[in-house]
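Novice: Between the sequences and the hints, there should be enough to build the whole structure, so can you do that?
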Amino acid sequence: MIRNADRRMQIYGALLLLPAAVLLGTFAYLPTVATLINSFFLPGFRGAPPEFVGLENYAMLVEDRTFWRVARNNLIYALGTIPTSIALALGMALFVNARLPGRGFVRMAYFTPTILPMIAAANIWMFFYAPQIGLFNKLLGALGLSGVNWLGDPSVALTSVIVMTVWKEAGFFMIFYLAALQSIPPELKEASDLEGTSRWSFFWRVTFPLLMPTTLFVLINALINAVRVVDHLFILTKGGPNNATNLLLYYVYENAFSFFDRTYAATITVVILLVLAVVATLKFTVIDRRTHYQ
Amino acid sequence: MTAMPRLHGQRGSSMNPDNNNQGQDQSPQRQPSGSHVPMRDHQRIRLEAVSKRWGDTAAVDAIGFDVAPGEFVILLGPSGCGKSTTLRMIAGLEQATAGRIEIGGRDVTHLPPGDRGISMVFQSYALFPHLSVADNIVFGLRSRKVPKAERRERLARVAQLVDLEAYLERKPAQLSGGQRQRVALARAIISEHPICLMDEPLSNLDARLRGEMRREIKALQQRLGMTVIYVTHDQVEAMSMGDRVILMQGGRIVQDATPSELYERPASAFAAGFIGSPAMNLVTLAVAADGAVIDGEPRCSVAPHEAKGHWLGVRPEDIRLLPPDAPGVPAEVIDAEYLGADSIVRLKVGDQQLRARLEGRPSLAAGSPCRLQWRRESAHFFDAGDGQRLAIAGHDLAAPPGRHRFEPGLAGASTQEREARASSHPAGNDSSGVKR
Numbered sequence: 001m002i003r004n005a006d007r008r009m010q011i012y013g014a015l016l017l018l019p020a021a022v023l024l025g026t027f028a029y030l031p032t033v034a035t036l037i038n039s040f041f042l043p044g045f046r047g048a049p050p051e052f053v054g055l056e057n058y059a060m061l062v063e064d065r066t067f068w069r070v071a072r073n074n075l076i077y078a079l080g081t082i083p084t085s086i087a088l089a090l091g092m093a094l095f096v097n098a099r100l101p102g103r104g105f106v107r108m109a110y111f112t113p114t115i116l117p118m119i120a121a122a123n124i125w126m127f128f129y130a131p132q133i134g135l136f137n138k139l140l141g142a143l144g145l146s147g148v149n150w151l152g153d154p155s156v157a158l159t160s161v162i163v164m165t166v167w168k169e170a171g172f173f174m175i176f177y178l179a180a181l182q183s184i185p186p187e188l189k190e191a192s193d194l195e196g197t198s199r200w201s202f203f204w205r206v207t208f209p210l211l212m213p214t215t216l217f218v219l220i221n222a223l224i225n226a227v228r229v230v231d232h233l234f235i236l237t238k239g240g241p242n243n244a245t246n247l248l249l250y251y252v253y254e255n256a257f258s259f260f261d262r263t264y265a266a267t268i269t270v271v272i273l274l275v276l277a278v279v280a281t282l283k284f285t286v287i288d289r290r291t292h293y294q
Numbered sequence: 001m002t003a004m005p006r007l008h009g010q011r012g013s014s015m016n017p018d019n020n021n022q023g024q025d026q027s028p029q030r031q032p033s034g035s036h037v038p039m040r041d042h043q044r045i046r047l048e049a050v051s052k053r054w055g056d057t058a059a060v061d062a063i064g065f066d067v068a069p070g071e072f073v074i075l076l077g078p079s080g081c082g083k084s085t086t087l088r089m090i091a092g093l094e095q096a097t098a099g100r101i102e103i104g105g106r107d108v109t110h111l112p113p114g115d116r117g118i119s120m121v122f123q124s125y126a127l128f129p130h131l132s133v134a135d136n137i138v139f140g141l142r143s144r145k146v147p148k149a150e151r152r153e154r155l156a157r158v159a160q161l162v163d164l165e166a167y168l169e170r171k172p173a174q175l176s177g178g179q180r181q182r183v184a185l186a187r188a189i190i191s192e193h194p195i196c197l198m199d200e201p202l203s204n205l206d207a208r209l210r211g212e213m214r215r216e217i218k219a220l221q222q223r224l225g226m227t228v229i230y231v232t233h234d235q236v237e238a239m240s241m242g243d244r245v246i247l248m249q250g251g252r253i254v255q256d257a258t259p260s261e262l263y264e265r266p267a268s269a270f271a272a273g274f275i276g277s278p279a280m281n282l283v284t285l286a287v288a289a290d291g292a293v294i295d296g297e298p299r300c301s302v303a304p305h306e307a308k309g310h311w312l313g314v315r316p317e318d319i320r321l322l323p324p325d326a327p328g329v330p331a332e333v334i335d336a337e338y339l340g341a342d343s344i345v346r347l348k349v350g351d352q353q354l355r356a357r358l359e360g361r362p363s364l365a366a367g368s369p370c371r372l373q374w375r376r377e378s379a380h381f382f383d384a385g386d387g388q389r390l391a392i393a394g395h396d397l398a399a400p401p402g403r404h405r406f407e408p409g410l411a412g413a414s415t416q417e418r419e420a421r422a423s424s425h426p427a428g429n430d431s432s433g434v435k436r
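Protein chains in written order, with the working numbering: chain A, 1 to 294; chain B, 1 to 436.
Think of the hints as simulated: they come from the structure by calculation, not from any bench.
Honestly, I wouldn't trust all of these hints.
Taking lysine-lysine and the BS3-like style, the derived pairs with C-alpha atoms no more than 27 Å apart in a straight line are [claimed, not checked]:
hint: 1; chain 1: B; residue 1: K348; chain 2: B; residue 2: K308
hint: 2; chain 1: B; residue 1: K171; chain 2: A; residue 2: K283
hint: 3; chain 1: A; residue 1: K189; chain 2: B; residue 2: K171
hint: 4; chain 1: B; residue 1: K148; chain 2: B; residue 2: K171
hint: 5; chain 1: A; residue 1: K189; chain 2: B; residue 2: K148
hint: 6; chain 1: A; residue 1: K238; chain 2: A; residue 2: K138
hint: 7; chain 1: A; residue 1: K189; chain 2: B; residue 2: K145
hint: 8; chain 1: B; residue 1: K171; chain 2: B; residue 2: K145
Quick look at which bits of chain A chain B covers, simulated, 3 or more residues with Cβ under 8 Å [claimed, not checked]:
hint: 9; region: 179 to 189
hint: 10; region: 270 to 282
Backbone N, C-alpha and C define an ideal beta-carbon position, used for all residues, glycine too.
Specialist: Next comes the structure, spelled out in structure tokens:
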């Protein structure tokens, strides 16, 4: 009787779990496993079955100079976007958390880029960056300076893409910082004011440590976004010129849908997943230990 | 708390339950080793017509008072009376709209909080959750760039003082409410500012712990010779800790007096109703042939004619219950609420209700008639218009003489009288009427 009731509870629990398990299994775990399996094959041509080649795809990847170029681009892209957008987000959050006139308006203005779809934002920035009619070059021209080919010059293009991404992401991260800032009790500031603590000192000794959980969260999100979001490349540069702005995921897309080499795309995907997993684990173990959670 | 015996031990034989006049003469010996006797001049606080307005509403309306060095002053009042705002203006956390605030003869009205030489204990403790107890305590010293060796030495001394030595490495979240409270105290003490402001520091503690912390804070204040301004809405804290109580209402000072004065000579009907538990009975007086009577009960005059139309206030603990054939105000028992040490009896006089506090558990049937008496000093009169105290003496309800044979008739009557006598004694215990 008791065992019967126990089993019923187990079935009940399993049923509650089922919808989430089915969704996750179908759309997350199954594709992951399929990708991993795919990466061990070469595509079969003209209806021939795919050929198992073991780690040959991975060996090819190591030799692939474009891959390393793209990986380096992605590293620069991550280093360029993550710290800048986090610092900017924190600065904006501190600014709009203070008492200032039109605070709601400023907050909304900062958040607007987040609401825009990446494609739309990229289209707007196309008009900023366009060589002849673009806003930036017009402004430079008004100052008597010769314009820059923002997206066409291989030495500038990646930076241009980074600037646009920072503009897009900072507002989003600001919301998290703003929420965290508002959960810090105002008495802490008052208590430190009574001791004559400078604003700078209070920020580094109290505010910043208390924001660490948010920073960690934002850091992980920014990292994932740096690899995951490549929508703007479709509009701005298509990875060019000469792969100067090509990023890992865009390279995966190119391999899968332009070169129709699905198994090679799967191989790159597996590598990306591995790298992301390692970085996330490192972050959570190293930084988490020093983070105070309330 | 284990800190208590040590503190008392150091004060030794100078212990005196009446601390009102002790503040001045003995304070130099109570100075902590770090501060000096001339520092005492820096402790005087003076407020002159200080106001705080938000738009049209005045949270604090032109109040002024002086706090002498070493004094423990309570700002008491219901929520929204402006007591916390007053404290925050003294601290500099809130800017005064008008008026002048002086600390140690220096105008600090527009100085930032850090330059005023004060420390503060917050209701929420305001501990830094990510810092250990030790780092919390020395936070201010680090801001003031006190050298590390001195920091460590002062930390050791203060931690011992508030009995936190075993917890220095913990985070605030790992402490109990009382321990957190003591960290907040330690942070205030270690700064060695002679003035400490406290904003309802005990309201987050449970009743038992509150009693302990009350004694602990008072003992610390006396031992260190600190000047304390303490905000509370709790009359028990006010009566038991304060050398002086400033009672506020609607942004104004109602009465500024010692706890015993506040209890024995309330300056207004509001003060009378605020101090004491249950609150003082307030009944309206009507006119009759031989003087003023309680409205609806014309048989017994309680005051001369000039009191008519005004309020009579009698504390529940000052009322004696006598048999119906004794002299006094005729009344009828409504019900009795037994509280353990005493009972609160509700009585109907005319069409008004009175409450009396009687010792033990008197056997009184609902509806039974009785007579009420109180001593002349126990009758307070307040203006019906503005509630101000009136200088009227009530009638002696025990007169006509010769009727005293009825007195022992009711259990507890004689002890009531003894109590009443004790509470009207000048050096009497302040808190006889404020049991919880």
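Novice: If a hint holds in the structure, say so; if it does not, say that too.
Specialist: Okay, the hints, checked on the actual structure:
1. B:K348 to B:K308: Holds, at roughly 20 Å.
2. B:K171 to A:K283: Cα-Cα ~23 Å, so holds.
3. A:K189 to B:K171: holds, 19 Å
4. B:K148 to B:K171: Within the cut-off at roughly 21 Å; holds.
5. A:K189 to B:K148: holds, 23 Å
6. A:K238 to A:K138: holds, 24 Å
7. A:K189 to B:K145: holds, 18 Å
8. B:K171 to B:K145: holds, 23 Å
9. 179 to 189: holds (count 3)
10. 270 to 282: violated (count 0)
Violated hints amount to a single one, hint 10; each of the other numbered hints is respected by the structure.
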